[in-house]
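Assemble the whole structure, with the sequences as input and the hints as a guide.
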Amino acid sequence: MKKLWLLLLVLSGSQLFAQTYDSRIFGDIKARWIGPAVMSGRISCVDAVNNDPKTVWVGSASGGVWKSEDFGISFKPMFDKYNQSIGAIAIDQKNPKTIWVGTGECWVRNSVSVGNGIYRTKDGGLNWTKLGLDSTERIARIALSSKDPNVVYVASPGPLWSDSKNRGVYKTTDGGKTWSKILYVDEKTGCADLAIDPQNPDIIYAAMWQFRRTPYSFSSGGPGSALYKSVDGGKTWKKLSSGLPTTEMGRIAIAVSPANPNVMYATIEYEKSAMFKSSDKGEHWTRTGTTFSIIERPFYFARVIADPKDTNTVYRCGLGIVISRDGGKSFSNAGGGSHGDHHDLWINPNNTNNLLLCTDGGLYISSNQGGTYYLCRSLPVGQFYHVMYDMDDPYNVYGGMQDNLSWYGPSKTNTGGIGSKLWDPMSFGDGFWTFPDPADKNTAYTEIQGGVLIRYDKERKILKELSPHPGVNEPKYRFNWNSPFTASVHNPHKLFLGGQYVFVSYDQGESWKKISPDLTTNNPKYQQQESSGGITADNSAAENHCTVYYIAESPLDSNVIWAGTDDGNIQLTKDGGKTWTNLAANLKDAPREPWISCIEPSRYDKGTSFVTLDYHNWGNMGAYVYKTTDFGQTWNKISNDSIKGYCHVVREDLKNQNLLFVGSEFGLFISLDGGKQWAQMNYNNNVPNVAIRDIQIHPRDNEVILATHGRALMIIDELGLSILRQLTPDVMTSKFTLFKTRDYVIPLGGFDFSFGSDDEFTGANPNSDPVVAYYLKERQLIGELKVEVLDHDGSVVNSAPIGKHKGINIAAIPINRKPPKVPPAPRIAGGATQGPALAEGTYDVRIIRGKDTVMTRITIRQDKNSPYTAEDRKVRQDALMKMYGMLNDFAFTVDGITSIRDQAQSVSSSLQPNDKLKKQFDQLAHDLDTLHEHLVNTKEGAIMSENANRLREDLSDNYGTIISYEGRPNNSTLDRIGTLQTEMNEASDTYQKIMDKYLDKINAELKKRNQQQLTLKSKEEFNKN
Amino acid sequence: MRKLIALLVLVSFAWQVQSQSTDDVINNYYKAVGGLDKVKSMQSVKATGNFQQGGMNIPFVMYQKRPMKQLMEVTFQGMTQKIGYDGTSGWVINPFSGRTTAEKMDADQEKETKFQADLDGPFADYAAKGYKVDYAGEEDIEGSPTFHLILTTKEGDVRDFYFDKDSYLMVKQKDHVKMQDGSTSDSETNFSDYKEVNGLLMAHTVENISEYQGQKYSSFIKMDSIELNASIDDAIFKMPESGSDSTK
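Here the protein sequences come in this chain order: E and U. Each residue of the first sequence is one higher than the one before, starting from 19 at the first, in my numbering. Each residue of the second sequence is one higher than the one before, starting from 46 at the first, in my numbering.
Treat the hints with caution; some may be incorrect.
A few chain E residues that don't get close to chain U, going by computed Cβ distances all over 10 Å [what the hints assert, rightly or not]: (1) R42; (2) K165; (3) K347; (4) E796; (5) N816; (6) P832; (7) P842; (8) Q852; (9) E958; (10) N989.
Listed below are the simulated DSS-like cross-link pairs for lysine-lysine, each with C-alpha atoms no more than 27 Å apart in a straight line [unchecked claim]: (11) U/K91 with E/K836; (12) U/K91 with E/K99; (13) E/K165 with U/K199; (14) E/K957 with E/K1019; (15) E/K148 with U/K177; (16) E/K94 with U/K199; (17) U/K177 with E/K195; (18) E/K804 with U/K219.
If you only want the chain U side, here are some residues facing chain E, beta carbon under 10 Å, derived [unchecked claim]: (19) Q97; (20) I103; (21) T234; (22) N235; (23) H249.
These are calculated hints, taken from the structure and not from any lab test. From the three backbone atoms N, C-alpha and C, an ideal C-beta is built for every residue, glycine too.
Shown next as structure tokens:
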């Protein structure tokens, strides 16, 4: 038995040794979402509850699942713990709290993400269960049987970049517990669309699609593509052919008319792509329409939607959505002013004017069948590729995104948040590398796909195109979809650009010079983009290959420049570009020909560099992060299984050499020990499993900026980064460790206002609270944990409970004194609800944890942009404390007045009517009540009582005026303190006179009668409560 | 080999011990706080403490009494707000907004107050109360493992409860409540600082968390004292005919 325990100990011990930290450590460190949502992002699918259409479910391309309960005015993310690439959503319309989500977008553009199976919720999205199909990679449709909600059909196109058996049509009859593959063609052919007969759910149609991407090509179509029908719930299938193309087909979209299930529509990609219609459940087909708008880019736009009521009305998603009202023959625009590139459409079956349209630029709502649209502006699901910062204060963030231009906007504001109106667009198209000119504040650079460079004049909003072009006898320049374009870290006038060569410019892009030979493999096999696309040619620069994909200068030496290509080369020059060495062969244990997605030369050692290798275009989704310490002669793999998904970026912290960040397709991963171990910073920290495409660390403000491909931009503030920098192994093995935290900077509290509306996303500002931060090894459920803030004299200013969970806790601490005392009245004294904050200075802070006490300090200081002098601040603080004291004194006086009044009334009522003393008590009560009415507005029921201010309200107002402005109060406010003090003195005199007149006399009488005398609380007693 | 088998048996036994049903979690939770009998024998609770947020300390007194009666008195600037529930209907006196007379509680608040007024907590005899409770497995909550129960009310409100895996004490509650205006109100509550009160373990610090666009904001309820079975007059839970005179 002893040995057994030993064995168990060893087992658990070895686990501990293997991993000393994981995601749980990050605790309260939160990324803030700054959006923008002014352009939203790509939405891949939508469903709504037919009998309660205000409930809308949206699947974004790579930003998760969102739910609206107000028909698109506001949204909540419901899927942040899970895969963020969404292919299909289906609501069980009979049990609308049951929703099925298929992961893996089915609009298979070059930048598409990957899914990991199917999920279901039964409680409206609060809790989800994963129900298999893990390896299908993408799901295009989920169709529920109208007879039995446990019978569900799933169309999976399957993996995009590799052969796989995990594709086709799947069926469950037990609500997702088990699945059977009921239609399968081959390892290259999956199911792109599926339709079910609304009246007879055993009749199913499946559009099978042969397709494939490689790093350098795309192909749609082949012998596998065909339209199938089953009439027995998928037991047997037949290929439909009558009236259909006889040559090879590509992607097919199908729809059954809900109004009459005999009627079907299909768009079919083939050499003469067209729309087809059947009026006999798919048995026979007629080619109806051939307009360009219904056949363009069929791999990307493959959705046909039949109107729920009119069998002759049908929509097709495309560059712009179109509508036919004549059974698919002619088409007109139904996209109104919406963003282009449409992927899915929901039509309200009870009001077919009412549409929800999914586009590359967000979700749109129409109430007139597509004539005009409203953009849902509360979905921050932008797909950014890269991000950069400038040195303004606050700094601006620059980034480019999929199909939604390049933008810049502030990283924070001194008002309520970062509104959409603060973002400025800088070019059109898809956006990638976007950055400010380091030497010219008015200039920024952006880029459009395929190496089209733009210089942007921020003040005048003028664009100029800057791309380099080959000279006579020079080979054509090749540029990646996402070409590296960046400024030198050493010379603010030097720009780098990657094609197959590295180019530099010293004149803001007016002229370009090559500083390298062709750095790629220049493999002709990889350069057949003109014939890419398959049946329909599709050459958008998305498949461009044999190009430089990343350029990075050593921060320590401007002559050391690294370049990585999309075909596996890592090239290094140590002489500023005169000679280049290809280091690819030194990556001995890595598979061949990765995309070199990022190179991060170390800022601590010239020979050290990190790279991320991305093989996903070859069908390998693994994480590959390597490090060299000898200029790339040898490499060590530093990624392990803790990093999920193919990697886009690796960054070294600017201050702590052991702190590394990796962005993968499935999230943000952090190493605290130089790459030995990795832990995901996940949804608990506001970072869902979304692709992190770029990471920048602001060198002045110490903030980590994340370019997510699906959830727009995020920032981990200085507070979080400073704690990450302090997370040493000693901290992580301690029971409790206090971290150093930033000073508390008194907010400037700027004013902004917009008239109310709930429909717009606003980016979050940093946590600006005064805080303490500490590490707890385990959750503390028993015993108190609180913080006390002490004044210079050692007295406790205030105290508050603080967080008790495992890992990093960040807790706000109260630096305000208790609110001033205010005499009771029938309404709140709005100006006096807050106590004065401590003035600038450094104060002791006591953390009390059970019996233990730990001391720390907090420094309170002015914002560096504060317009207030120290003298102003002192005048303000003195005035505030004076008013604070006056309010407390006044409340004590009024308490005395009402207390004696009430006692007098009480004694009076106990006396016989003919008692000679009674009159005296009544007179005392009356005089005090009159005084009270004079000092406090006691009128009930009036919300507005501006003109009925008494001394109570005047004192509160003046206190409120002073506390709500951090600088010197104006003279009339300061003078008013004296005026109010005089009024208070007068009131005190009156009070005293009344008391002098009655109290001794009355009390003497009461004493004579052996009755209790009228008594007053002492000030100490009063202050206790 | 025998040892290996023993180990496997032990491991699988340990796994079985860890495997939970709804009733296991509920029974162990009541055991952890001192026993269901003890909970049921509690006739009334009087708790005093403070609401704390951003340096504001607002004192309150809370009275609860069987069956389903509750009164909360919150004092600020010398005025006392009262939020009462007499077992069937709720009322408020809100002097802060200029009213000192009692008015009927709004339906959203009444639903919440009614849920809270149950001295046994929602899990004792949950089926008889019309609740559906499902065990939803283990879940990591802020870094520590918990058992997760999902409670669904007749109205369709979903409330998640999380119990510390070691002690079975309640750690967190997440409410998703349908409001009168059709929206769903989400809120989150953390329980800590458990102390024994007459043989029952009770949380003395309750953290309320609200979320806005990905950012979380905390406020605390801090109990200074909790008194069980104090004698409380039933009359205080009744809606007063006219307002109290606390502000004159």
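To see whether the hints hold, each was checked on the structure:
1. R42: 4 Å, violated
2. K165: 25 Å, holds
3. K347: 42 Å, holds
4. E796: At roughly 7 Å from the nearest Cβ of chain U, E/E796 sits no farther out than 10 Å, so the non-interface label is violated.
5. N816: 5 Å, violated
6. P832: At roughly 4 Å from the nearest Cβ of chain U, E/P832 sits no farther out than 10 Å, so the non-interface label is violated.
7. P842: Given that some Cβ of chain U is not farther than 10 Å from that of E/P842, nearest at about 3 Å, it is violated.
8. Q852: 7 Å, violated
9. E958: Given a closest Cβ separation of 6 Å, the condition is violated.
10. N989: 29 Å, holds
11. U/K91 with E/K836: 25 Å, holds
12. U/K91 with E/K99: Not satisfied, since the Cα-Cα distance of roughly 40 Å exceeds 27 Å.
13. E/K165 with U/K199: 26 Å, holds
14. E/K957 with E/K1019: 32 Å, violated
15. E/K148 with U/K177: Within the cut-off at roughly 22 Å; holds.
16. E/K94 with U/K199: Between E/K94 and U/K199 the Cα gap is close to 24 Å, so the pair holds against 27 Å.
17. U/K177 with E/K195: Measuring from Cα to Cα gives roughly 22 Å; hence the hint holds.
18. E/K804 with U/K219: Answer holds: E/K804 to U/K219 is near 24 Å, not above 27 Å.
19. Q97: Since chain E brings a Cβ to about 5 Å from U/Q97, closer than 10 Å, the hint holds.
20. I103: 9 Å, holds
21. T234: This interface hint is violated because 13 Å lies over the 10 Å limit.
22. N235: 8 Å, holds
23. H249: Constraint on U/H249 satisfied, holds at 7 Å.
Taken one by one, the earlier hints fail for this structure at numbers 1, 4, 5, 6, 7, 8, 9, 12, 14 and 21, listed in ascending order.
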